[in-house]
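Chains as they are written, first to last, in our numbering: chain A, 2 to 826; chain B, 24 to 255.
Calculated from the structure, these hints are not laboratory results.
Note that the structure is a prediction, hence the values are computed from the model and not measured.
Ideal Cβ positions, reconstructed from N, Cα and C, are used throughout, including at glycine.
All the given hints hold, so there is nothing to weed out.
Per label pair, the in silico range of CB-to-CB distance: (1) B:Glu150 with A:Asn396: 47 to 55 Å; (2) A:Arg122 with B:Arg110: 31 to 39 Å; (3) B:Gly119 with A:Gln477: 25 to 33 Å.
Selected chain A positions facing chain B (in silico; Cβ < 7 Å): (4) Leu444; (5) Gly713; (6) Leu714.
As a plain string of letters, each chain reads:
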Amino acid sequence: MSKTQTKPGSTLDRLRGWFADRGWRPHGFQEESWALHAAGKSGLILVPTGSGKTYAAFLGPLAELADAGANPSGLSILYISPLRALSRDIEQALRAPIEALGLPLTVESRTGDTSSTIRSRQRRSLPNVLVTTPESLCLLLTQEGASKRFSDLQAVIVDEWHELLSSKRGTQVELALARLRRFAPGVRSWALSATIANAPEAAATLVGTDAEPAIVRAPIDRPVIVESLRPANIRRFPWAGHMGLSMLDEVLAYLDPSKPTLLFTNTRSQAEKWFHAIAIKRPQWEGRIALHHGSIDREERERVELGVKAGDIGIVVCTSSLDLGVDFAPVERVVQIGSPKGVARIMQRAGRARHRPGESCEITCVPTNALELLEIAAVREAIDAGAVEPRDPVNQPLDVLAQHMVTVALGGGFLADELFDEVRTAWSFRDLSRESFDWTLLLVTQGGTILNAYERFHKVELVDGVYRVPNKRVAQLHRLNVGTITGPSTIEMRFVQGRSLGHIEDSFVGRLREGQHFTFAGQVLRFVGVQADVALVRRGTKRTNLTPIWGGTRLPISESLSRAVRKSLEDSAHAVETGEADGLPIELEAFLPVVAAQSRRSVVPAADEVLFELFSSRDGYRLLAYPFEGRLVHSGIAALLSLRFGRITPATFTTTFNDYGFELLCPEPFPFVEHLTPELFSRENLVEDALESVNTAELARLQFREVARVSGLVFQGYPGSRNRAAGKHLQASSGLIYDVLCEFDPENLLLGQARREVLENQFEQGRLAAALDRIASSRFRIVEIEKPSPLALPLIIERIGSQTMSSEDVESRLARMQAEMQAEV
Amino acid sequence: MSVAIGDISVTLAGHELRLMPERAVYWPAKRWLLVADTHWGKCQTFRDAGSALPVGPLLADLDRLRAAAMRVEAERVVVLGDLVHGRSSLAGCIDGLVQQWRATLPCELALVPGNHDRVVTRHRGLELLTRWGIELLPPRLDIDGLRLSHEPPIIASELTICGHVHPAVRMQGRGESMKLPCFWHDTEYNSFVLPAFSSFVDGARVRISPGDSQWATAGSRVVRVAGPSEAV
Numbered sequence: 002m003s004k005t006q007t008k009p010g011s012t013l014d015r016l017r018g019w020f021a022d023r024g025w026r027p028h029g030f031q032e033e034s035w036a037l038h039a040a041g042k043s044g045l046i047l048v049p050t051g052s053g054k055t056y057a058a059f060l061g062p063l064a065e066l067a068d069a070g071a072n073p074s075g076l077s078i079l080y081i082s083p084l085r086a087l088s089r090d091i092e093q094a095l096r097a098p099i100e101a102l103g104l105p106l107t108v109e110s111r112t113g114d115t116s117s118t119i120r121s122r123q124r125r126s127l128p129n130v131l132v133t134t135p136e137s138l139c140l141l142l143t144q145e146g147a148s149k150r151f152s153d154l155q156a157v158i159v160d161e162w163h164e165l166l167s168s169k170r171g172t173q174v175e176l177a178l179a180r181l182r183r184f185a186p187g188v189r190s191w192a193l194s195a196t197i198a199n200a201p202e203a204a205a206t207l208v209g210t211d212a213e214p215a216i217v218r219a220p221i222d223r224p225v226i227v228e229s230l231r232p233a234n235i236r237r238f239p240w241a242g243h244m245g246l247s248m249l250d251e252v253l254a255y256l257d258p259s260k261p262t263l264l265f266t267n268t269r270s271q272a273e274k275w276f277h278a279i280a281i282k283r284p285q286w287e288g289r290i291a292l293h294h295g296s297i298d299r300e301e302r303e304r305v306e307l308g309v310k311a312g313d314i315g316i317v318v319c320t321s322s323l324d325l326g327v328d329f330a331p332v333e334r335v336v337q338i339g340s341p342k343g344v345a346r347i348m349q350r351a352g353r354a355r356h357r358p359g360e361s362c363e364i365t366c367v368p369t370n371a372l373e374l375l376e377i378a379a380v381r382e383a384i385d386a387g388a389v390e391p392r393d394p395v396n397q398p399l400d401v402l403a404q405h406m407v408t409v410a411l412g413g414g415f416l417a418d419e420l421f422d423e424v425r426t427a428w429s430f431r432d433l434s435r436e437s438f439d440w441t442l443l444l445v446t447q448g449g450t451i452l453n454a455y456e457r458f459h460k461v462e463l464v465d466g467v468y469r470v471p472n473k474r475v476a477q478l479h480r481l482n483v484g485t486i487t488g489p490s491t492i493e494m495r496f497v498q499g500r501s502l503g504h505i506e507d508s509f510v511g512r513l514r515e516g517q518h519f520t521f522a523g524q525v526l527r528f529v530g531v532q533a534d535v536a537l538v539r540r541g542t543k544r545t546n547l548t549p550i551w552g553g554t555r556l557p558i559s560e561s562l563s564r565a566v567r568k569s570l571e572d573s574a575h576a577v578e579t580g581e582a583d584g585l586p587i588e589l590e591a592f593l594p595v596v597a598a599q600s601r602r603s604v605v606p607a608a609d610e611v612l613f614e615l616f617s618s619r620d621g622y623r624l625l626a627y628p629f630e631g632r633l634v635h636s637g638i639a640a641l642l643s644l645r646f647g648r649i650t651p652a653t654f655t656t657t658f659n660d661y662g663f664e665l666l667c668p669e670p671f672p673f674v675e676h677l678t679p680e681l682f683s684r685e686n687l688v689e690d691a692l693e694s695v696n697t698a699e700l701a702r703l704q705f706r707e708v709a710r711v712s713g714l715v716f717q718g719y720p721g722s723r724n725r726a727a728g729k730h731l732q733a734s735s736g737l738i739y740d741v742l743c744e745f746d747p748e749n750l751l752l753g754q755a756r757r758e759v760l761e762n763q764f765e766q767g768r769l770a771a772a773l774d775r776i777a778s779s780r781f782r783i784v785e786i787e788k789p790s791p792l793a794l795p796l797i798i799e800r801i802g803s804q805t806m807s808s809e810d811v812e813s814r815l816a817r818m819q820a821e822m823q824a825e826v
Numbered sequence: 024m025s026v027a028i029g030d031i032s033v034t035l036a037g038h039e040l041r042l043m044p045e046r047a048v049y050w051p052a053k054r055w056l057l058v059a060d061t062h063w064g065k066c067q068t069f070r071d072a073g074s075a076l077p078v079g080p081l082l083a084d085l086d087r088l089r090a091a092a093m094r095v096e097a098e099r100v101v102v103l104g105d106l107v108h109g110r111s112s113l114a115g116c117i118d119g120l121v122q123q124w125r126a127t128l129p130c131e132l133a134l135v136p137g138n139h140d141r142v143v144t145r146h147r148g149l150e151l152l153t154r155w156g157i158e159l160l161p162p163r164l165d166i167d168g169l170r171l172s173h174e175p176p177i178i179a180s181e182l183t184i185c186g187h188v189h190p191a192v193r194m195q196g197r198g199e200s201m202k203l204p205c206f207w208h209d210t211e212y213n214s215f216v217l218p219a220f221s222s223f224v225d226g227a228r229v230r231i232s233p234g235d236s237q238w239a240t241a242g243s244r245v246v247r248v249a250g251p252s253e254a255v
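Isolated chain B, as found in the complex (with noise of 0.2 Å):
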């Protein structure tokens, strides 16, 4: 498959990689589509506080991952942490909205838990997982020479592929400005940090070294925004 007008690919450590402006990476070597930080039932989580926010996000990012993982014609799709938002998030209709968007979805979905689902990793939660077809991952998982896991690494080793940090950049332009989720390859710690999916989720700012190399995911586009030219 031609990479799509949209998509970037980037050789990283020896590993293709394609970013999606859907806010995910396929994995064309392993056919496996990573996303991270979806904060399912967010919303939920809000309203429960008496903040009157619509179920639409949850919706729309349901429909966005599986368009996704069909376009790239993914065997898997990897979420790496945070899957749910939290305990509240569960209640009301995200059970059923999961479940029927489960059905739809033509392929394997599995989990890489993060600090955001111990609710359901431990007792009656792993109920929910297994209704929903999540094979439930280690919190590490290397992998053909690549290392999945929720948090970025503390130590620099082989490179990790992660998410938790929800990296945005601000691009100005005459008189605006506008935050954009962006995909952060981050020298330091051999991390390649991936946008919060959720699009109910403020995307944190983060401070690049020298050599890092920053992509912003904008509408339908996937923009190479910093970096070293060499880097790609």
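With the rest of the complex left out, here is chain A (with noise of 0.2 Å):
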């Protein structure tokens, strides 16, 4: 990489100085960053974290800034960060080579923590570098004099591009840069990313449809090593299930207080289980290890993650609360307990083992189930073959545009042609069409397009031929809610000597029986009762093995892993019908007996095959089948079949999925062989049908939640203060809202954006398509089966898991179908 052609003394070659000073040298990617930042680019830097990513996009526009001389009075650098917990190191960072070359500049932050005295001053002036989150800068957004205060800015860094792109949380960032844009025209964008499949389009989501991006990459000098534990026995490892202590001797072997290590889990009660079941057969490690996760309040998960930077905590049982954040130096070990889910998850949590530029990171997993023994061998194949998945930004979110609109309203206001113009520069919003414009113009100046339905309605309005909001209090209110994170609903939980435990779903309280016990933040608690919207609990007394069990879909596995765990399944069953198992991953090894049991009892499909199995039993007839595409696609693909199926000949189903594949289940005969061809996967009517297949009524009801949210329907303010933010007259849950909009004003484009969030979020359309064209294709291979194969077995115990037994009883149950199956051989 040639170095940038600057002058001796140029502020660039001081800073190599400073590098130099500290015994570092500039890596070829920040050079080339620097590079073309002077050139005028802007773009992407893909680059693993700790490597250096923060001052390859900081120092080019600092050089820039230091050479231009003059004393800068406002803002030049703004850093976007998702996570206000961060702002603190990247501040500091920052300020390093500044303080080092003495220069005249002035970095702070601006994030919901900061105190109102910096925020006031903040208001009469911005600092030259400022660290914020989008949300933050939204608010800076709605203040009168945006434009003058943002004409001076030269450079936008946003980080973890990554994690902001595929949310509405990223849309939003593209149209506050979009206008950006407007209020300084020279200003350049660089984000910074983990290695993701799409890196084309995460850069022009950036930059936006006027510009060329740059993309930098970063050799990759940190290869990720996946390791293992895997089970003493086989035999003995349950088929199914997901939460893993069968393996917490194995795991209890492998930690030690002494090595720093975050231990993964895929849920929160799994961590609270783990966390639980650890301090319990440890209790000489009491303090050295702790429980993080994001329903814990935030001082707690503060003082822990201060205590692990500090190493004063070994052991730090976590979820993805801990994925981004604070830079662990201490961290040793990272554990993964469960799925990995995907590829670039999996490199991600590895990550977050100590840096040490050219040092591997490792990762061990741990498997909960048989078949994830497959999962692990094929998450290991991907990240070789650097098969990570693509992040998807959002298409056209009318709700996050609806915010937007008020924002620049509230921010100086704006004229109906100027802002379309501006919007569609945004990515996510290059084809939406001016019908869509301003019905959300609409929405957001006279409620909604049928006249007189929404009277006296005035949010935003025009004032002397400009876009406005006169109105005080709805500027208030609009500010209070800026953002798109949309939380489950909660309640605090303290004790009742008044110490805050964090927060808990409404659901899992609104089931507590006065006296009950239950663990929760790593503690036994008994529930006291609710008071003014406070869920009080004293400490515990009892066991119990209660957790709680925490809203929101289980995440599916990625198509990257699944096309690897068809391999993988592949590859075993070929050293099961060679006897050849050399070469084959130790997982896979283990696996072998699985897959011997497998084609035993059925038959292990290969590569370009569908298995089909058809099973009867007391319960019905059942399809089975293992398209290995994720749970999500699985339950489309089963309620899509169910519909056609039943057009065909009338009967009714019961579904049921996992990763791995879905049942169908039907309580009399049904002649599945007969009906089963190539046309039953066609994705003609795709939508319609997927439309048709599923309650899409309770389900956009549910998904109307975040849009009702995001438009300014409903009122959230800052997450503790929502009561008091939203005031006593202003209840009204968003299903409510969605069943006053279908009854009153059906046409509501919001309503619509709810059902195709629906299709996306729950059956991942896109993957669906491509799923459905892949098992046409295929060849079909229907087995009849007498006992339920290793493959069938976590379905059908999902099934009987879902009805009214107890989980003993489905525990026991399995343990005894598997005991017969291991007797045949």
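Hints in hand, dock the two standalone chains.
This is the structure we're talking about:
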């Protein structure tokens, strides 16, 4: 990589000197980024965490600013991070070179945590370099003088772009950037991202439609190594289930509090269970192990984070809450309990261990059931092949546009034509029709399109030809509700004596009885009651297995990983067939007895085959299939097949699905074989059939929660101050509002948006279509089985589990079925 | 008049009451129609705050109230509190709409005031009640052995018919569930709580004790969903 041509004594040269003083040398990708910035380019820097990405993006703009000589009086560089908890660390990192070179530049943060003193000072004048979050940036954009305050902006840096990209927060950043480009026409933008499959699209989404983005790739100098713990006895290892406590002994043997470890789980209840189990088995580790997940009180989480940084806490059981964030220098080991779910996810988690340039990073995966052995082998293969997932931006979310319109109307106002052109420079809105734009404008100006139906609604109004927000209270409520993060409906949980434990789903609290024991935040608690919107608890005295089950769909395994899993299965089938296990990954070797059982009871499908099993039992007649496409796609295919089968021969089906396959259960004999044709999997009328096949209305009603919140129909305020912010008179659930709109304004485009989001979120529509094509062109292997195969068992168990049987019943039944199968060997 | 399809007649403390799917109770002995928590103007309060909600729910609620009164040929409609939603709900078209509607309601109309009604029971708010032809009753009305109030009693006494709580039940079906407004006979406090009449109010799930009864309003029917079999 060629160095940027700079005069000796230039700031970049001095920065190189500063690097040298600290024993560093600029990486090639850093030099490349600086040169591109100096050449006026914007773009995307793809680089793993902890490799000096911040300086790759920051030092170019900094050097330019310093070289310009003049003392800038206002904001020049904006740094957007999705995590406000990180702002302090980033601020320090940005300040270091400024102080080292003695540059007269100020650096400050502006997040939800910023004190009111600093905020009011910033209202008068912004620092030269500002670290902020997407939400706080939007709040700045609501200020009357926004255009002036941003007019000197030279560069915007967006951190963790891969995280923001595929969410409405990303869309909000896109629209904010479009705004900033109007305020400061020469402004350049740089995003930092982990490796993703669709880098060009990610870059385009950042820079908008009016620029050609550059893409800088850092060579991967930290290979990710996937290790695993395997059950001592595969014969007794469960074939279904997700908690994984049967691996507790193996994990305990591996853990060592003197080697700081992050133990990732897939759900919050799994984290609670694991923390509890470890605490009971290793009482001597008290104080050295901690629990960290999104529902736990923020102060406690910060205490844990500091404890890890300081090296006081040796083991943290955590969830995605620690996927991003503070640099945990002391962490030596990363453990993943349960399905890896995705390739990028495992790479991200592996990267949380100590950063030393050039060193590999390791992650130890622990399967919770036998089939996850396949996934572990598959994720390693996918990482080696560089098969990470894409992150798709959200397409034209009108709720985000509606919020943005009010923001812009507050921040100096807008003209409709100008704003339309500006919004269309944002990648996600590049195809926005004038019709949809005008509809959204009506939403914020008149409430809706129906004449007189929205009496006295004036959110945004035309004042002297400019759209503005004249009403003070509307303005205040909008500012309190800026943002697109929609949490589940939770209430605070506190000890009667006062200390807060965190937030917990309403629905869980609703099921608790007075005096009932449960575990939360790693402690056994006794429920006292709900008072003034706070759930009160005391320390519990009994042991309990009850843990909150948090809402939200389980993450499906990704497309990239699914593909690798199919390949791993084929490899192990080949090994069983030939008796040649040489060169097989160790997890697949452990998995071979399961494959053998599968081929004994049924067949193991080849990569170009789809296996269908027919199985009849007391409960009815089953069709089981294993496309290995992830649970959402399977739920879609199952619903679609029920509908299409039913059209040929009317029948009622119950469906069950998991990440590997699905089953259709019919109480009566059904001619499955006769009807199993490739046409059944046709993608013709896919959308119509998908909408017809599920209770779309109910799902859309749920999805409307987010749409209503983002578009400003319901008021959330800030988490924790929700009720104060909204005021007592502004309480209505989004479901209620959905019902009202369906009845009185059925053409409302926000309803349509909720339905579209259902198709995407519930079925991964695009992936579903691709999966259908693949199945239709595969060879069908239809096998009648006498007893459940290892692939069938998890589905059958899942169905039993979803019925009213207690979990003990399910577990004992599973153990019995499995024992039977092993007895055959 | 016979009980129409969809209504359920119950006898509580010797009083015959007819539970109606319109979310109302008819008291045949007095020919009174009892409803609670109409929250008129709530959508306006939302619109004022910048939430784009249509006027429709208020119009539909007014129609439903009139239809219920006419169906049983009530002599008087008594609203058991929270007639209006709040100060901001009184601005705009509501005054005109209610006046128009009142002219078509062929019976008396009275209010047992609730916590939201302070804006119509004081000062200039009283003029609104006069314009709307609504008689203001005391917050606790003892009549013919029944007590009418907005809030449920704090200690059990004679049977109290009230609102305030917006009770609802969650019905679980196969793979779906829905929340339905319900009537609730709370035996602990000897109260009979009406569902919120307003269609723009979220129902609250209530903790019922053994011996309590609940009746859900589902479309055009009232359905008994909880309670001892001998209660009715």
